[in-house]
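Participant: For the record, the sequence lines run as chains A and B. Going by UniProt numbering, the first sequence opens with residue 1, and the numbers climb by one from there. Going by UniProt numbering, the second sequence opens with residue 1, and the numbers climb by one from there.
A few of these clues could be false.
As the list makes no split between identical chains, a pair holds if one copy fits it or if it spans any two.
To be verified - Here are the computed lysine to aspartate or glutamate pairs in the DMTMM-like style, where the Cα-Cα straight-line distance is at most 20 Å:
#1 12 x 24
#2 39 x 182
#3 39 x 102
#4 192 x 182
#5 10 x 168
#6 10 x 182
#7 184 x 168
#8 10 x 97
#9 60 x 80
#10 184 x 172
#11 72 x 198
#12 60 x 81
#13 184 x 165
#14 12 x 172
#15 184 x 27
#16 192 x 155
Just so you know, these hints were derived from the structure itself, not from any lab. Computed from a prediction, not measured in an experiment: that's the story for all the values here.
Protein chains: 2
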Amino acid sequence: MSDTQEHKDKMKAVQARQRAKVAETRDPGRGLVLIHTGKGKGKSSSAWGVVIRALGWGQKVAVVQFIKGKWKTGERRFFEEHGGVTWHTMGEGFTWDTQDRDRDIAAAQAAFGKACDLMAGGDYDLVVLDEINIALRYEYLSVEAVLDGLKARSERTGVILTGRDAPEALCDYADLVTEMTEVKHPFQAGIKAQRGVDF
Amino acid sequence: MSDTQEHKDKMKAVQARQRAKVAETRDPGRGLVLIHTGKGKGKSSSAWGVVIRALGWGQKVAVVQFIKGKWKTGERRFFEEHGGVTWHTMGEGFTWDTQDRDRDIAAAQAAFGKACDLMAGGDYDLVVLDEINIALRYEYLSVEAVLDGLKARSERTGVILTGRDAPEALCDYADLVTEMTEVKHPFQAGIKAQRGVDF
Chain A
1 MSDTQEHKDK MKAVQARQRA KVAETRDPGR GLVLIHTGKG KGKSSSAWGV VIRALGWGQK
61 VAVVQFIKGK WKTGERRFFE EHGGVTWHTM GEGFTWDTQD RDRDIAAAQA AFGKACDLMA
121 GGDYDLVVLD EINIALRYEY LSVEAVLDGL KARSERTGVI LTGRDAPEAL CDYADLVTEM
181 TEVKHPFQAG IKAQRGVDF
Chain B
1 MSDTQEHKDK MKAVQARQRA KVAETRDPGR GLVLIHTGKG KGKSSSAWGV VIRALGWGQK
61 VAVVQFIKGK WKTGERRFFE EHGGVTWHTM GEGFTWDTQD RDRDIAAAQA AFGKACDLMA
121 GGDYDLVVLD EINIALRYEY LSVEAVLDGL KARSERTGVI LTGRDAPEAL CDYADLVTEM
181 TEVKHPFQAG IKAQRGVDF
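Generate coordinates for the entire structure from the input sequences, incorporating the hints supplied.
Facilitator: Structural data, given as structure tokens:
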């Protein structure tokens with residue numbers, strides 16, 4: 001048998017397996033809950049990637065940022081200019097910059113209140129809760145409150161939660177969990193954070 | 001010492017460590033090479049996230065897609081409408097759909113030729129080579145050719161390479177490697193790929 005024929009047969013078999021797998025799947029009839037966690041780069045940026053996918057299909061998107069409050073990031077600049085995304089930055093900057101636990105807790109809880117409205121209101125296909133896992137790690141929010149908020153979301157609404165150290169109870173509830181594992185990072189090699197790449 | 005004071009002191013120490021680390025970093029004076037690999041979701045979507053970051057800072061971006069040729073994805077719809085990204089989809093669809101190895105090789109090599117022009121031309125801050133690792137895995141491209149193309153890139157140009165099974169030699173050369181690890185995926189639970197989330 002020629003290489004070409006062998007390749008064709010192999011690909012046919014792969015295609016058949018893939019089609020069978022797809023045929024077994026079903027539409028869940030509700031928005032999914034996705035978690036991007038781990039120490040590697042890509043948790044928030046892949047949320048922005050899903051945002052533009054959703055926008056490409058004409059879906060409605062909201063973002064609540066829990067941590068990067070004061071930073072003017074590339075993503076914020078882009079979405080401010082492009083429009084189409086409801087954007088709330090209710091964090092107060094990185095927590096080591098505020099140094100005021102009470103203020104951080106109040107800010108995180110206000111942000112989460114807003115997030116609950118967006119998730120339950122039925123107006124959005126996708127709500128991104130950016131860096132919410134950090135607010136959970138510092139115990140500015142309780143896992144129970146976040147779970148309750150997710151469960152009370154509109155059927156239409158998918159949610160992405162980002163940040164390292166996602167709590168186990170949230171991962172159990174989620175439909176998808178990706179751990180971004182840092183294999184190699186320029187910061188470790190002494191390379192400065194880059195505009196466009198890192199923020 | 002009160003909890004509040006303790007928190008403040010702890011955060012001050014974190015802030016000082018963080019500032020010291022940042023102070024030690026330097027600007028590399030060249031575009032970085034980033035690899036998004038692993039089996040988990042988020043490799044391409046985090047590339048799109050970096051694209052919108054770069055666009056937010058007014059940078060110039062090009063994308064070459066090696067695999068998802070015929071699919072009309074949300075990201076393509078979005079960037080076609082939004083403009084500002086040079087977009088080449090030179091793949092012929094998933095490889096198990098074409099079943100013609102010679103055609104696949106020709107398509108991958110044509111796409112890589114285009115990619116080399118974009119990387120070396122000096123007009124772009126960021127070039128995304130989406131799913132190029134799949135073309136490498138099937139040996140449609142050689143690792144050596146891809147390394148040569150990266151080394152010949154303009155100083156200005158950063159490159160993101162996506163797809164599972166990134167070759168070791170590319171990871172050695174890259175500035176950043178993130179492995180997207182699949183902890184839990186809806187497809188495994190029989191949930192159909194979702195518009196906006198998966199494509």
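Participant: Now, for every hint given, state plainly whether the structure supports it.
Facilitator: Now for the hints, and whether the structure bears them out:
1. 12 x 24: Classified as within; 19 Å inside a copy, 54 Å across copies.
2. 39 x 182: Both: 6 Å inside a copy, 14 Å across copies.
3. 39 x 102: neither (27 Å within a copy, 40 Å between copies)
4. 192 x 182: So residue 192 and residue 182 pass the 20 Å test inside one copy only (17 Å; across, 29 Å).
5. 10 x 168: neither (40 Å within a copy, 26 Å between copies)
6. 10 x 182: neither (34 Å within a copy, 26 Å between copies)
7. 184 x 168: between (26 Å within a copy, 12 Å between copies)
8. 10 x 97: Classified as between: cross-chain Cα gap 11 Å, same-chain 56 Å, threshold 20 Å.
9. 60 x 80: Classified as both; 15 Å inside a copy, 18 Å across copies.
10. 184 x 172: between (28 Å within a copy, 9 Å between copies)
11. 72 x 198: Answer is within: at 12 Å inside a copy they meet the 20 Å cutoff, but 28 Å across does not.
12. 60 x 81: Both, since 16 Å and 16 Å are each at most 20 Å.
13. 184 x 165: Both. Shortest intra-copy (19 Å) and inter-copy (15 Å) distances satisfy the 20 Å Cα cut-off.
14. 12 x 172: Neither: 36 Å inside a chain and 34 Å across chains, both beyond 20 Å.
15. 184 x 27: For residue 184 and residue 27, only the inter-copy Cα distance (17 Å) is at most 20 Å; the intra-copy one is 37 Å.
16. 192 x 155: between (42 Å within a copy, 16 Å between copies)
In summary, the numbered hints that this structure violates are 3, 5, 6 and 14.
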